[in-house]
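*Asks:* Which chain is which? The protein sequence lines are A and B, in order. Here the first sequence is numbered in the working numbering, starting from -4 and rising by one per residue. Here the second sequence is numbered in the working numbering, starting from -4 and rising by one per residue.
The hints are simulated quantities; they were obtained by calculation from the structure and are not laboratory data. Since we're looking at a predicted model, the values are computed, not measured. Cβ coordinates follow ideal geometry from the N, Cα and C atoms, glycine included. Each statement offered as a hint is correct.
Just the calculated beta-carbon pair ranges, DEER-fashion:
(1) Leu359(B) to Ser135(A): 43 to 49 angstroms
(2) Ser195(B) to Pro148(A): 30 to 36 angstroms
(3) Glu408(B) to Pro362(A): 39 to 45 angstroms
(4) Val136(B) to His380(A): 52 to 58 angstroms
(5) Glu408(B) to Asn309(A): 30 to 36 angstroms
(6) Pro156(B) to Ser195(A): 37 to 43 angstroms
(7) Glu107(B) to Lys165(A): 49 to 55 angstroms
(8) Gln233(A) to Leu359(B): 48 to 54 angstroms
(9) His321(A) to Lys164(B): 52 to 58 angstroms
(10) Pro148(A) to Glu408(B): 33 to 39 angstroms
(11) Val210(A) to Trp105(B): 34 to 40 angstroms
(12) Trp105(B) to Ser135(A): 52 to 58 angstroms
(13) Arg384(A) to Glu107(B): 34 to 40 angstroms
(14) Ser195(B) to Asn309(A): 54 to 60 angstroms
There are 2 protein chains.
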Amino acid sequence: MKIGILTIGNELINGRTADTNSSLIAREVNLQGWHVEAMLSVGDDFEIIKTRLHDLLSFTDAVICTGGLGPTTDDITTEAIARAFDLPLERDNDTLAYLQEIFKKFKWTWTENNAKQALFPKGAQVIPNPVGTAAGFALSVQNKLVLVMPGVPSETKRMLPEGVIPILKKTFPQPVPFAQQQTIKIFGLGESAIDEKLSSYDFSAIDVSVGFYPVFPENHLVLIARASSLEQTRQNLQKAVDAVSDQLGEWIFSYGEQTLEEMLAGFLTQKKLTLAVAESCTGGLIANRLTDVPGSSLFFEQGLVTYSNEAKINLLGVPADIIEKHGAVSEETACSMAQEVRKLAGTDLGLSSTGIAGPSGGSLEKPVGTVYVALADRTQTICRHYRFRWDRKRNKLVTSEAALMLLKNYLQEKK
Amino acid sequence: MKIGILTIGNELINGRTADTNSSLIAREVNLQGWHVEAMLSVGDDFEIIKTRLHDLLSFTDAVICTGGLGPTTDDITTEAIARAFDLPLERDNDTLAYLQEIFKKFKWTWTENNAKQALFPKGAQVIPNPVGTAAGFALSVQNKLVLVMPGVPSETKRMLPEGVIPILKKTFPQPVPFAQQQTIKIFGLGESAIDEKLSSYDFSAIDVSVGFYPVFPENHLVLIARASSLEQTRQNLQKAVDAVSDQLGEWIFSYGEQTLEEMLAGFLTQKKLTLAVAESCTGGLIANRLTDVPGSSLFFEQGLVTYSNEAKINLLGVPADIIEKHGAVSEETACSMAQEVRKLAGTDLGLSSTGIAGPSGGSLEKPVGTVYVALADRTQTICRHYRFRWDRKRNKLVTSEAALMLLKNYLQEKK
Chain A
-4 MKIGILTIGN ELINGRTADT NSSLIAREVN LQGWHVEAML SVGDDFEIIK TRLHDLLSFT
56 DAVICTGGLG PTTDDITTEA IARAFDLPLE RDNDTLAYLQ EIFKKFKWTW TENNAKQALF
116 PKGAQVIPNP VGTAAGFALS VQNKLVLVMP GVPSETKRML PEGVIPILKK TFPQPVPFAQ
176 QQTIKIFGLG ESAIDEKLSS YDFSAIDVSV GFYPVFPENH LVLIARASSL EQTRQNLQKA
236 VDAVSDQLGE WIFSYGEQTL EEMLAGFLTQ KKLTLAVAES CTGGLIANRL TDVPGSSLFF
296 EQGLVTYSNE AKINLLGVPA DIIEKHGAVS EETACSMAQE VRKLAGTDLG LSSTGIAGPS
356 GGSLEKPVGT VYVALADRTQ TICRHYRFRW DRKRNKLVTS EAALMLLKNY LQEKK
Chain B
-4 MKIGILTIGN ELINGRTADT NSSLIAREVN LQGWHVEAML SVGDDFEIIK TRLHDLLSFT
56 DAVICTGGLG PTTDDITTEA IARAFDLPLE RDNDTLAYLQ EIFKKFKWTW TENNAKQALF
116 PKGAQVIPNP VGTAAGFALS VQNKLVLVMP GVPSETKRML PEGVIPILKK TFPQPVPFAQ
176 QQTIKIFGLG ESAIDEKLSS YDFSAIDVSV GFYPVFPENH LVLIARASSL EQTRQNLQKA
236 VDAVSDQLGE WIFSYGEQTL EEMLAGFLTQ KKLTLAVAES CTGGLIANRL TDVPGSSLFF
296 EQGLVTYSNE AKINLLGVPA DIIEKHGAVS EETACSMAQE VRKLAGTDLG LSSTGIAGPS
356 GGSLEKPVGT VYVALADRTQ TICRHYRFRW DRKRNKLVTS EAALMLLKNY LQEKK
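With the sequences and hints as input, model every part of the structure.
*Replies:* Okay, structure coming up:
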């Protein structure tokens, strides 16, 4: 089955927003064993939506659309699609009631333009939106299927597997072979190095495709196995995962969708360990990532962002002579920060970062990107030194990742 | 002038790689005053490239292509385009010499398939690639222009302004009407409320388009004026900006591309004021956003993430009876946190947040999303109370925004 993707929005064609929906949809469609023939983006324009949709349908079996379902006047997707097939718009009373209920619940002021979101082309099947006000719809026309979702990526992410894929599966028989996938997350190794290390294994011989998704500062691999039985699919996938583990084991931190901070939260909570953080160059990012995890108050006691030397000395208690002798960006300062924050907070563990995020502040001896991360427990302190070569924000991000990886390796070895 | 974008590669249509080139090209094209009519992605397939290119050219003046220029057998873009116009491939000796020189310089082994990268459709103008081996080309056919670059984003980024845009400018005269744009950033008002407030003004009467771009938790408006003279364009744009200011003034925080934290960094540095931050529910996010700005060490002294009550009392110095009497999530605690962190750090200003980010921790009296942000200077403390209804990460983000807005309003009133 051939599928077309049509993403709609002026923000796409003027380059203000990068289209992430097409890629998301393509991945899912591919996983189901269907084929994406073309992905098209157009602006919020009646004539263009209409002609381009017809054109896409001329060489595909189904078109999945996103965008332009909002309540404002520039959101015209529903009406444009109705016009494309000469269908009137009809109000869906269930959707209207649902919308009004949301507005009531959140005490938003109801304005008449919101009723627009309850209008659908005649004959359309409404696809509920569990995380927003813009419902989607599916329309069967001329033996083809048009499926429409809102453009907000978090909404597409929910509605695609819950609403769209089931309708496609019902309309078009399940393709054989079966497909199974596995994500593997890697930190500390670049794309070409990963490619090189995996080149000795022939994944295609067991019908496994290896997809590569850099998510700075991580690299995610997605292995997809296809075979004619579920059992064979699983076996092949496991063989591929084993091959990747053999080659990249030391750089792999996750076999699944969990984030690094979610894994750490799990380890710390399970081991009943508490943590305090002292940050210099990461400026609060490590604390922020850890507290993104629900329930982090169980292990996260406190964080200190000691940006100035005075803060490091007076607030945190780093001895002034360590900073004087070795500098604020040094192994000694990093270790002292981790030890002092642990003592100050009375926690099991102390984690620290210090470095030069840039763009200024570097020297010949300590260039921009020089960072130290350290971890202290009751008996020992471990420190790692890095030299990163990114811009300020990415230097902060990769340093926070290095600090969290140090903690992760410690917790895993401790078992 | 209407432009089409065609990105080519199996990695795009199977969702393995997100297409970032289309967005990059669209932004640059838009900035030049031209219009992107459609952006299409297809796989490495002769027939599909050929038909889709012809189709795009049928409603555009020029098509910019990327991808499929590598030396391997699956890279077929050059040959597909030559076939599309029945042109033979011809070798460009300068390109061949350049390629062989690169291989010699980097001591790579020359294999014959590399000579493929020196072949171009007859009559094409070669576009040099200063950062890679795959040169691009421009082809004038049927009064239209086809421009081709490699798919590697870092190469597209260089070749677009250096090679492609100059050829487009030479071929198509400076666009009339002139275009001028202005971004206006808003916080605290939803998309439909903005739409409603702006509905009384007829922007189309002065040829100004208004685009909405939600960038959570902000809403960005982009006004684009087009007129036949630069002077008229500027006047119309100013009229539109004035109209938006009249309606939305109190919610606007920026007339430009600056982020909220960049604006604050500017104000604080200019006024020579220093800041310390005490965060509870935002977990380090406020400090992280402020330290994203280069040079933030000039005003940012320190940040405390006092997640537990003990940290609030022992580290920060919030009186225990305030927390006991009013709770950790209260106006009193927020005010005390701002005051204490200011004193502790010896700064001009103290900024604080406390609240329930969720998903758990709420009560009937203080449901999830209840937050307080406070700002203290030498003489006064200001506090704001909110009830947000998002998920944990978005509650954190919108709370950090509310705290930074409180600081921004204070600094602007202070003048």
